[in-house]
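If you read the sequences in order, they're chains L and Y.
Residues 1 to 77 (the numbering used here) make up the first sequence, in order.
Residues 1 to 574 (the numbering used here) make up the second sequence, in order.
By construction, these hints were calculated from the structure, which means they are not laboratory data.
Misleading hints may appear alongside valid ones.
[Claimed, not checked] Selected chain L positions facing chain Y (in silico; Cβ < 8 angstroms): (1) Ala2; (2) Glu9; (3) Gln11; (4) Gln13; (5) Val14; (6) Leu21; (7) Leu30; (8) Ala31; (9) Leu51; (10) Leu66.
None of these values were measured; they are calculated from a predicted model.
Cβ atoms here follow ideal geometry from the backbone N, Cα and C, with glycine treated the same way.
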Amino acid sequence: MAVTQLDIELQGQVNRLVRSLRINGDTVALAADRSYRARISVPSSAASVTLVATLADGSAQVRRLLLGHSAIPAAPL
Amino acid sequence: MSTAQQSSASRNAESVDPSPMSAAIGLAMAGAIGFALTGCGSSGGGDAPPSAPEEPLGPAISVQSVTILATTDSATALSITGTDDASGRNASSPNGTSHQTSFALGSQLPSDPGRTGRALHLGFDLDDGDSPHHLDCIINPPHDQVVDSDPVRFKARRHLVERSGLGASWDEIEAAMGVSHAEAVDALLAGLRQTHHQGAPYFLGEPILSWRERGRLSQQARDDLQDNINDWSRDLRRWWHQEMLLTPSPLTERLVLFWHGVWTSSLSGTPYPHLMYVQNQTLRQWGTVNFAELARRLPKDPAMILYLDSDSNVKGRPNENFARELLELFSLGEGQDYDEADIPEIARCFTGYGLDDHFNYRFKTSDHDDGEKTVFGQTGHFTGDDVIEMVLAKRRCAEYICEQLFDEFISGPRDNTLIGDMTDLLHPSYDLVPVLRMLFTSNAFTNTAGYGTRMKSPVELVIGTFRRVELDWSYDDSPWTILWRTGSCDQDIFYPPNVRGWPRGTDWVDAKNFLTRRKQAKHLGWYLENRLPPHLADGLQDLLLSINPVGSIDTRSLKFHYRTLLLDPAYQVN
Numbered sequence: 001m002a003v004t005q006l007d008i009e010l011q012g013q014v015n016r017l018v019r020s021l022r023i024n025g026d027t028v029a030l031a032a033d034r035s036y037r038a039r040i041s042v043p044s045s046a047a048s049v050t051l052v053a054t055l056a057d058g059s060a061q062v063r064r065l066l067l068g069h070s071a072i073p074a075a076p077l
Numbered sequence: 001m002s003t004a005q006q007s008s009a010s011r012n013a014e015s016v017d018p019s020p021m022s023a024a025i026g027l028a029m030a031g032a033i034g035f036a037l038t039g040c041g042s043s044g045g046g047d048a049p050p051s052a053p054e055e056p057l058g059p060a061i062s063v064q065s066v067t068i069l070a071t072t073d074s075a076t077a078l079s080i081t082g083t084d085d086a087s088g089r090n091a092s093s094p095n096g097t098s099h100q101t102s103f104a105l106g107s108q109l110p111s112d113p114g115r116t117g118r119a120l121h122l123g124f125d126l127d128d129g130d131s132p133h134h135l136d137c138i139i140n141p142p143h144d145q146v147v148d149s150d151p152v153r154f155k156a157r158r159h160l161v162e163r164s165g166l167g168a169s170w171d172e173i174e175a176a177m178g179v180s181h182a183e184a185v186d187a188l189l190a191g192l193r194q195t196h197h198q199g200a201p202y203f204l205g206e207p208i209l210s211w212r213e214r215g216r217l218s219q220q221a222r223d224d225l226q227d228n229i230n231d232w233s234r235d236l237r238r239w240w241h242q243e244m245l246l247t248p249s250p251l252t253e254r255l256v257l258f259w260h261g262v263w264t265s266s267l268s269g270t271p272y273p274h275l276m277y278v279q280n281q282t283l284r285q286w287g288t289v290n291f292a293e294l295a296r297r298l299p300k301d302p303a304m305i306l307y308l309d310s311d312s313n314v315k316g317r318p319n320e321n322f323a324r325e326l327l328e329l330f331s332l333g334e335g336q337d338y339d340e341a342d343i344p345e346i347a348r349c350f351t352g353y354g355l356d357d358h359f360n361y362r363f364k365t366s367d368h369d370d371g372e373k374t375v376f377g378q379t380g381h382f383t384g385d386d387v388i389e390m391v392l393a394k395r396r397c398a399e400y401i402c403e404q405l406f407d408e409f410i411s412g413p414r415d416n417t418l419i420g421d422m423t424d425l426l427h428p429s430y431d432l433v434p435v436l437r438m439l440f441t442s443n444a445f446t447n448t449a450g451y452g453t454r455m456k457s458p459v460e461l462v463i464g465t466f467r468r469v470e471l472d473w474s475y476d477d478s479p480w481t482i483l484w485r486t487g488s489c490d491q492d493i494f495y496p497p498n499v500r501g502w503p504r505g506t507d508w509v510d511a512k513n514f515l516t517r518r519k520q521a522k523h524l525g526w527y528l529e530n531r532l533p534p535h536l537a538d539g540l541q542d543l544l545l546s547i548n549p550v551g552s553i554d555t556r557s558l559k560f561h562y563r564t565l566l567l568d569p570a571y572q573v574n
């Protein structure tokens, strides 16, 4: 058996100061209850996910996930 | 609380240990992993009346569940189980090639680790009983781990943020790391602002008196007014420094500072600092968008009129100051695509561009020479406005601006091919954003050989230090201190040394100046070392230096580490 594709899906919420949320550059839709759901493809043996929340005053909150796995061979750089 | 302090409080809401308030919020958020406590305990954002009951402000971003989705090349029973912190609910996947298991992140996890909290390790085992696989997910990884995860990308994004802004913080670098270089450049350009981030300076409501009105004041009132003007002038400089510290778009302020050094004016030539504020805002409004619009406005800018004596440029007694600088320094370059004979003729075109008694622009028809002039080989009854259009029509004008942008953001020997391509893009629309995009995505900019080859300006050195380590200047000693820090290194904003504006590159440094810059770095080190957020301990050298340090770095403690990094000559460049 070989894992040919691996994704992770994050589900969560942002607070009321957040005007928009981007994950790895893509804008994520925010529901009325300020929840979000985003699927991220894990492209190689190591990947990172950057969440950028833009607040009402234009400033940003940046959070990061690092992913590493042994399921899929590393893609060439 | 000042704006700076508010910002500091907002930043520190996530950089200190959870307060009782945040702990309470954390309990209220049980079952959720939060990433931050932005604006914790405040109404934040100003979008709700203070008296209205509000729900507690949770983390800016929280993650409540993680779902693992795996596709296999053949039908199999794949079990996906959580390890470490991810020991929440899990389920075996059915037989097939698509497998999905959700993990609700439970209350056994810290409710709000925040960026400065501990890293969360989520482990997932994928096992079909034959060949097990493992997936690690680290939330809030230590900074050195972020660097190690992709050092090439880290250095590239750090270079982009550092060169285009005012000191690269972890937040700025990590936001850029999440996207491609081109997307990171687009984000910088999309963030450009035509207005300042903070409110306008407080003194703008104070009336501007004419010289005659001032003359009618008592001696005491005149002295008081001058004292006020001196304070306002100081506070205007503090205001701009604060804008540089707080803006979400450092590139905007770099461009304002850039134009302040190209189309130069000075507080020393203006009776009221209001006028330099107006010019500063004009630079921000148009210098981020379109050069032609900027060039059409600055000849009528009151501070510019005073600085280059346009008010005394009248029919029969032309003053060539503005005409000469327009060609030599503002648009074409000395001796480029014009004749010496054009200068007095252009001066005649600009006669009558003056001010009223309260220092507002006014075209004085009686002072304007409406006779025929010959400019760039054309003859007509030209005004100054006509001259600006004639200058803008020249490709050389666009080329000159591109040369200046290259020198500002790349430095070193000019890449004439790149400058030629930028010129083609800039002329004749003079839209700046496409040109900046070309500049920041060019090989000349991204080439790793260019890392650490550009001398920081004093503003980048001082303001950048505060921004890199996310500290507010209100921590500094007094209102004057930050002005002294940049001024002692020969960059006293609003007081450029002469009409040629600010030096660039290695011109910032001579034997005396280098010692002063190093002394300032040392002072900043002393002053800030005890205030460094602990979360900066990881990867501090990667954050602060563009290139390897010249000397040995003391890593005995965060304090020594920070101090020796700031004192290293490598800190002077980016």
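For which of the previously enumerated hints does the structure constitute a violation, in increasing order of number?
-> 7, 8
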